[in-house]
Amino acid sequence: MTKRVGLEGSFAVSEAVRMADVDVLSAYPITPQTHIVERLSEMVADGDLDAEFICVESEHSAMSACVGASAAGARVFTCTAGQGLELMHEVLYIPSSMRLPVVAVVANRALSSPLSVWGDHSDAMAVRDIGWVQIFAENVQQAYDLTLCAYRIAEDKDVLFPAMVHLDGFHLSHVIEPVILPDQRQVDDFIPEFEYPFALNPDKPVSMGCYGPPYIYTEAKKSQNVAFESSRKIVSKAWGEFEGIFERSYLPVESYRTEDADVILLVMGSFAETAMLAIDRMRKEGKKVGLARLRLWRPFPFDEIRKAVKGAKLLVVLDRCISFGYGGPVCSELRSAFYREKNRPDIVSFIGGLGGRDITIDQYEYMIKRGKEISENGSEEEFEMIGVRQ
Amino acid sequence: MREIRIHGRGGQGAVTLAELVCHAAINEGKYAQSMPSFGPERRGAPVLAFLRISDEHIKIRAEVITPDVVVVLDPGLLNITDVTSGLKSGGTVLINTKKSIDEIRSKFGVESRLGVVNAVEIARETLGVPITNTTMIGALLKATKIVKKDSLIEPLKHRFGPIADKNIKAMNRAFDETTIEEV
Amino acid sequence: MLSWKDLELGSIVTEPGNASAYKTGDWRSNKPIRDQSKCIKCGLCYIYCPDAAVELSKAGNYETNYFYCKGCGICANECPRGALTMIVEEE
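Chains as they are written, first to last, in our numbering: chain A, 1 to 390; chain B, 1 to 183; chain C, 1 to 91.
Calculated from the structure, these hints are not laboratory results.
Where hints are given, some of them may not hold.
[Stated by the list, open to error] Chain B residues, not near chain A, derived (Cβ > 12 angstroms throughout):
#1 HIS23
#2 ARG61
#3 ALA62
#4 GLY76
#5 LEU77
#6 LYS98
#7 GLU103
#8 ARG124
#9 ILE131
#10 LYS142
#11 THR144
#12 ILE153
[What the hints assert, rightly or not] Listed next, the in silico BS3-like pairs over lysine-lysine satisfying Cα-Cα at most 30 angstroms (straight line):
#13 LYS3/A / LYS30/B
#14 LYS222/A / LYS23/C
#15 LYS107/B / LYS59/B
#16 LYS157/A / LYS5/C
#17 LYS59/B / LYS369/A
#18 LYS307/A / LYS59/B
From the three backbone atoms N, C-alpha and C, an ideal C-beta is built for every residue, glycine too.
Just need the whole structure built from these sequences, with the hints factored in.
Okay, structure coming up:
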């Protein structure tokens, strides 16, 4: 029986992890991810989740424990945020190059200094190149759904890469919303028991993470990238299956009222639904505007984004992160993705929502209007910062 | 959609108030969203909590800046905060205070629809502690009928276990004792 | 040489103990020579050899496996009876 309940974003993630029947958990608490770890350790202590909870002294160790447990064939989970993800950074490359289906949830948080526990995408953008499947959630239901999907995708025999679900710190992790929880049998059908093909076993020994001198390293990276690229179609397949079972659909790029739109705004994460309200308001005034969201960040959905924006004259991109001395990292990737297209839209960059700052409906509307002005008249700046006090 | 802003101090349960009413609304089949004023917890510091209740999926994910209803858990906050900031026209302010409606209007210039209740007294007598969040739910329900009073029973029981009944009693007393002046 | 298509999932090595096929004897510039008549079979060369290149033969003698011996000289240094001598590796 499915049931509709009110759940905080963090607890929704914990519930997905419980229903995925994870074997090993290892995590270090850090705001705004703390409630996820607290709830999971409670579940283990109360016997609601039959898993090993490995207490560690840092995020570096948390990910190391996950790597070891995953290599032994366990279904594993960790979660972190901001500075914690940065401390984990060194180890993040290991499961992706060793092809271990670790699942991690990041409650996105700004990076110090000044010290900020509040949300933005600086932590996510800093781990762009780690070779994990990376997915962004927009509301609490999606935080639940996409955590389940992360296991389905990561453990697919044609993927076997780690997967990371990003949910905005506080704006999703600390917000209570209605969530439809599925029946356990539906979850079991979606993510059946998993057997890693080369799980560590003394009777069938293998060497993982071997030494890779120059004569073989390039081949190792080529093979990793080819496999990672081909996981793109499995992500879509998994979401198709998800829809079949749970009747909610996900796509690598999702569009909102983009049909016939001249201007398309692009945002990622929990700000997307607020931006829809600005689109609704402008559509009411007869303006041809729409919204696109990158749900799948890695592997990058080139074809889908080109298709989603087809016909638009202008793409306005909001980044919740700044690459110092450059600008918005998402915008940079989109410009690059469209560079060789014949009928490409102009692309204008905005940065906002840093360190937990809200973006109002008016500000989304401003970005679209100001984006058109910049597109028509040019600008001396590479990007404009939203809501900054002059 | 109705938007509610709760003013309290860290430790007074403003966030819990928002969460309890949020759960009650969701259990009624409505859409609801509760969020704290994000950040580290600081006992005694003025804090805000936010609540939205709607018949449709709630898309906005930002602090409530133009509330329909303001709930004030601590009367001392009236001296340091403009609790009516951004209040929609026709909005309601609900205050835990032993002052009368006239006194509040003349001292703080509140012109909107106004409700007062001595929630500290009720909480002390019913719960034994001056924590007014569950008491003020009674005032909120009387003034807005935003959810049914019965819908709070399950969330309160889930949250407070053995002391749920006292909290239910406090809520019911405030429901009866809140004075509301229409404008 | 392996192409990228030949690599196993995650570039793991599935053949157990295949490091034994790796010849380190080529690294040697000095070579230990053993005088079996002085050897008292105490086994210290066997214990101290960092590459496990000293083996016990069926006849009960300790012998150096030159496929692995890197010529570090630890065995000669540790031998209490001077049964091992390091000589320069001939071309």
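How the hints compare with the structure:
1. Under the 12 angstroms C-beta cut-off, the non-interface status given to HIS23/B relative to chain A is violated; the minimum distance is some 4 angstroms.
2. Here ARG61/B does not stay apart from chain A, with its beta-carbon only about 5 angstroms from theirs, under the 12 angstroms limit.
3. Its beta-carbon lying about 4 angstroms from the closest one in chain A, ALA62/B breaks the requirement of being farther than 12 angstroms from that chain.
4. With a closest Cβ-Cβ approach of about 26 angstroms to chain A, GLY76/B is found to remain outside the 12 angstroms limit, as its non-interface label requires.
5. Non-interface status of LEU77/B relative to chain A is upheld: no Cβ of that chain comes within 12 angstroms, the nearest being about 22 angstroms off.
6. At roughly 32 angstroms from the closest C-beta of chain A, the C-beta of LYS98/B stays outside 12 angstroms, upholding its exclusion from the interface.
7. No Cβ of chain A comes within 12 angstroms of the Cβ of GLU103/B; the nearest lies about 35 angstroms off, and the non-interface call holds.
8. Annotated as non-interface, ARG124/B keeps its C-beta farther than 12 angstroms from every C-beta of chain A; the closest such distance is 29 angstroms.
9. Annotated as non-interface, ILE131/B keeps its C-beta farther than 12 angstroms from every C-beta of chain A; the closest such distance is 20 angstroms.
10. Non-interface status of LYS142/B relative to chain A is upheld: no Cβ of that chain comes within 12 angstroms, the nearest being about 23 angstroms off.
11. Chain A leaves THR144/B outside its interface by the beta-carbon criterion, the shortest separation being 19 angstroms against a cut-off of 12 angstroms.
12. For ILE153/B, the non-interface assignment is confirmed: its Cβ lies about 15 angstroms from the closest Cβ of chain A, beyond the 12 angstroms cut-off.
13. Using a Cα cut-off of 30 angstroms, the hinted pair LYS3/A and LYS30/B holds, with the two alpha carbons roughly 14 angstroms apart.
14. Taking the CA atoms of LYS222/A and LYS23/C, the gap is about 28 angstroms. The hint holds against a cut of 30 angstroms.
15. Among the hinted pairs, LYS107/B with LYS59/B is inconsistent with the structure: their alpha-carbon atoms are about 38 angstroms apart, more than 30 angstroms.
16. As the CA atoms of LYS157/A and LYS5/C are separated by approximately 17 angstroms, the hinted pair is consistent with the 30 angstroms bound.
17. Restraint check for LYS59/B and LYS369/A: satisfied, since their Cα atoms lie roughly 22 angstroms apart, inside the 30 angstroms limit.
18. Distance check on the hinted pair: LYS307/A and LYS59/B sit about 25 angstroms apart at the alpha-carbon level, within 30 angstroms; holds.
In this structure, the earlier hints numbered 1, 2, 3, 15 are contradicted, and the remaining ones agree with it.
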